[in-house]
Amino acid sequence: MENRPFDLLNNAINKEVLIVLKGGRQIRGLLKAYDVHMNLHLENANELVDGEMKTNYGKVFVRGDNVILITP
Amino acid sequence: MENRPFDLLNNAINKEVLIVLKGGRQIRGLLKAYDVHMNLHLENANELVDGEMKTNYGKVFVRGDNVILITP
Amino acid sequence: MENRPFDLLNNAINKEVLIVLKGGRQIRGLLKAYDVHMNLHLENANELVDGEMKTNYGKVFVRGDNVILITP
Amino acid sequence: MENRPFDLLNNAINKEVLIVLKGGRQIRGLLKAYDVHMNLHLENANELVDGEMKTNYGKVFVRGDNVILITP
Amino acid sequence: MENRPFDLLNNAINKEVLIVLKGGRQIRGLLKAYDVHMNLHLENANELVDGEMKTNYGKVFVRGDNVILITP
Amino acid sequence: MENRPFDLLNNAINKEVLIVLKGGRQIRGLLKAYDVHMNLHLENANELVDGEMKTNYGKVFVRGDNVILITP
Amino acid sequence: MENRPFDLLNNAINKEVLIVLKGGRQIRGLLKAYDVHMNLHLENANELVDGEMKTNYGKVFVRGDNVILITP
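For the record, the sequence lines run as chains E, U, D, G, B, F and Y. At position 54 of the first sequence (counting the first as 1) the number is 54 in the working numbering, and the numbers step up by one without a gap. Converting from the second sequence to the working numbering requires adding 72 to each position, the first position being numbered 1. Converting from the third sequence to the working numbering requires adding 144 to each position, the first position being numbered 1. Converting from the fourth sequence to the working numbering requires adding 216 to each position, the first position being numbered 1. Converting from the fifth sequence to the working numbering requires adding 288 to each position, the first position being numbered 1. Converting from the sixth sequence to the working numbering requires adding 360 to each position, the first position being numbered 1. Converting from the seventh sequence to the working numbering requires adding 432 to each position, the first position being numbered 1.
Note that these hints are calculated values from the structure, not bench results. Fair warning: this is a prediction, and the values are worked out from it, not measured in the lab. Treat the hints loosely; a few may be bogus.
Computed list of lysine-lysine pairs in DSSO-like fashion (alpha-carbon distance at most 30 Å, straight line) [said to hold, decoys possible]:
#	chain 1	residue 1	chain 2	residue 2
1	B	342	D	166
2	F	382	B	303
3	Y	454	F	382
4	G	238	F	375
5	B	303	G	270
6	U	87	E	54
7	B	342	F	375
8	Y	454	U	126
9	F	419	B	342
10	Y	447	B	310
11	B	347	F	375
12	F	419	Y	447
13	G	238	D	198
14	Y	447	F	414
15	G	238	B	342
16	E	22	E	54
17	D	198	D	159
18	E	22	F	414
19	U	94	D	203
20	D	159	G	275
21	F	375	Y	454
22	U	94	D	159
23	E	15	Y	486
24	F	375	B	303
25	F	382	B	310
26	B	310	Y	454
27	U	131	D	159
28	B	310	E	22
29	Y	491	F	414
30	E	22	G	238
31	E	59	U	87
32	U	87	D	159
33	F	419	B	347
34	G	238	G	270
35	U	94	D	198
36	E	22	D	203
37	Y	491	B	310
38	Y	486	E	59
39	Y	491	E	59
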């Protein structure tokens with residue numbers, strides 16, 4: 001197995017991603033950094049409710065254990 | 073015991089799998105990569121609701137701790 | 145203490161088992177492999193609802209942290 | 217502190233115990249083996265509902281993280 | 289910091305304690321042993337409901353991760 | 361980064377603190393000891409309900425994983 | 433990948449941050465210290481309910497596993 005799942009995140013650096021969190025929260029923003037715990041640093045980040053932008057966070061740090069999925 | 077459960081995932085690389093996540097979410101897609109935490113990289117991934125495709129994610133990274141089961 | 149709980153699983157390899165998962169899900173199938181995290185590889189696996197077969201998964205990988213109990 | 221909690225389990229090997237699990241499930245059976253994760257191997261095991269035997273499992277493997285308490 | 293929280297438990301050995309568990313369960317009994325995971329061995333243990341004794345367990349092993357608090 | 365969050369707890373030893381626990385429980389008492397898991401030893405401890413003292417625990421050991429926040 | 437998510441926290445030391453916790457709790461305050469578990473030390477900290485200040489904690493220690501996100 002040559003590929004690793006984290007390669008997908010590495011290729012998404014400086015690109016816009018959608019983050020789905022446990023509890024239903026969704027955040028869209030520019031992925032600036034991640035680590036092995038899946039802690040994330042996003043910029044221009046907005047929380048989405050029913051697909052609509054609700055809260056503009058600007059920069060945001062997300063603790064990795066809340067993440068369900070990340071899609072570029 | 074010669075077999076290991078991860079052999080099943082290894083044989084599913086580049087094949088379509090159905091992922092059932094905690095909280096009821098289901099995702100169908102092409103398995104591109106996994107790791108020992110069961111983090112997954114899927115492509116052509118769609119979220120299913122009641123067996124119907126709902127959201128087309130394209131590429132998606134799933135954090136392993138959300139996984140209940142994976143079936144090729 | 146000479147016996148270890150995993151001996152029970154080892155003796156169940158290639159036999160039919162019933163798996164009870166957190167959240168109420170039950171799966172019956174042939175146990176092909178397990179590991180120390182209780183990750184499982186089942187074949188001819190069916191999900192049960194109220195004791196009736198509901199979904200035929202064929203081969204399935206179950207992430208160990210979802211398991212409540214396994215009975216041969 | 218000379219005693220260790222696991223001594224209680226060690227003395228219960230081959231004796232009948234009542235296991236109370238998270239989520240309200242209760243199992244009564246003969247304790248054949250345990251390990252440090254509190255994984256259990258029970259025989260002649262029955263699930264109890266409101267103190268009444270409901271399901272006869274025979275042999276059962278219980279994943280330790282589900283256990284609340286064990287009483288001989 | 290000279291004191292350690294576990295000193296409190298050490299001093300409670302062979303004394304009656306009240307254990308409050310996640311999910312609302314309360315157990316009163318004689319503390320015979322504990323370990324670093326907060327696994328407990330109690331004797332003369334009774335489960336309390338609304339402050340009233342409900343179930344007499346005699347000896348009981350409590351898995352440490354269920355504990356909220358212990359008070360001598 | 362010179363400061364560490366635990367310095368705040370260290371400075372609170374022998375002072376009154378309010379502990380907010382998961383599940384809504386609040387305890388006010390004198391902080392006697394803590395460890396890296398945030399296990400706590402409190403004295404003169406009272407459980408609060410709606411800001412009113414409800415149960416006087418005297419000495420209490422709190423398992424660290426229940427803690428949300430501690431405020432001196 | 434040169435950036436690390438924790439750089440964002442490091443740059444937020446001595447600045448006001450908004451902390452969103454599991455269970456819906458939100459706290460606004462001055463970030464004085466953090467560690468790798470995301471334990472936090474805040475000062476001039478206020479709990480917010482529906483965006484309004486509700487409880488003035490002054491100094492507060494937050495256990496890291498409760499954190500969903502932190503935004504400067």
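Hints, one by one, checked against the model:
1. B:342 / D:166: holds, 27 Å
2. F:382 / B:303: Given that 30 Å is the threshold and the Cα spacing comes to 28 Å, the pair holds.
3. Y:454 / F:382: holds, 9 Å
4. G:238 / F:375: violated, 36 Å
5. B:303 / G:270: Violated: residue 303 of chain B and residue 270 of chain G sit about 37 Å apart, past 30 Å.
6. U:87 / E:54: With a Cα-Cα distance of about 37 Å, the restraint between residue 87 of chain U and residue 54 of chain E is violated, given a limit of 30 Å.
7. B:342 / F:375: violated, 37 Å
8. Y:454 / U:126: Cα-Cα ~27 Å, so holds.
9. F:419 / B:342: holds, 25 Å
10. Y:447 / B:310: violated, 36 Å
11. B:347 / F:375: Outside the cut-off at roughly 37 Å; violated.
12. F:419 / Y:447: violated, 37 Å
13. G:238 / D:198: Within the cut-off at roughly 26 Å; holds.
14. Y:447 / F:414: With a Cα-Cα distance of about 37 Å, the restraint between residue 447 of chain Y and residue 414 of chain F is violated, given a limit of 30 Å.
15. G:238 / B:342: holds, 19 Å
16. E:22 / E:54: holds, 17 Å
17. D:198 / D:159: holds, 21 Å
18. E:22 / F:414: Roughly 34 Å separates the two Cα atoms, so the pair is violated.
19. U:94 / D:203: Since the Cα atoms of residue 94 of chain U and residue 203 of chain D sit roughly 19 Å apart, the hinted pair holds (cutoff 30 Å).
20. D:159 / G:275: Measuring from Cα to Cα gives roughly 13 Å; hence the hint holds.
21. F:375 / Y:454: Holds: residue 375 of chain F and residue 454 of chain Y sit about 28 Å apart, inside 30 Å.
22. U:94 / D:159: holds, 27 Å
23. E:15 / Y:486: violated, 37 Å
24. F:375 / B:303: holds, 27 Å
25. F:382 / B:310: holds, 9 Å
26. B:310 / Y:454: holds, 17 Å
27. U:131 / D:159: Not satisfied, since the Cα-Cα distance of roughly 37 Å exceeds 30 Å.
28. B:310 / E:22: Holds, at about 21 Å.
29. Y:491 / F:414: Holds, at roughly 25 Å.
30. E:22 / G:238: Roughly 21 Å separates the two Cα atoms, so the pair holds.
31. E:59 / U:87: violated, 37 Å
32. U:87 / D:159: Between residue 87 of chain U and residue 159 of chain D the Cα gap is close to 27 Å, so the pair holds against 30 Å.
33. F:419 / B:347: Distance of about 24 Å is within 30 Å: holds.
34. G:238 / G:270: Holds, at roughly 17 Å.
35. U:94 / D:198: Given pair residue 94 of chain U, residue 198 of chain D holds - Cα atoms ~19 Å apart, limit 30 Å.
36. E:22 / D:203: This hinted pair holds, its Cα atoms lying about 28 Å apart.
37. Y:491 / B:310: Roughly 28 Å between the alpha carbons, so the hint for residue 491 of chain Y and residue 310 of chain B holds.
38. Y:486 / E:59: Status holds; Cα separation ~25 Å.
39. Y:491 / E:59: Between residue 491 of chain Y and residue 59 of chain E the Cα gap is close to 24 Å, so the pair holds against 30 Å.
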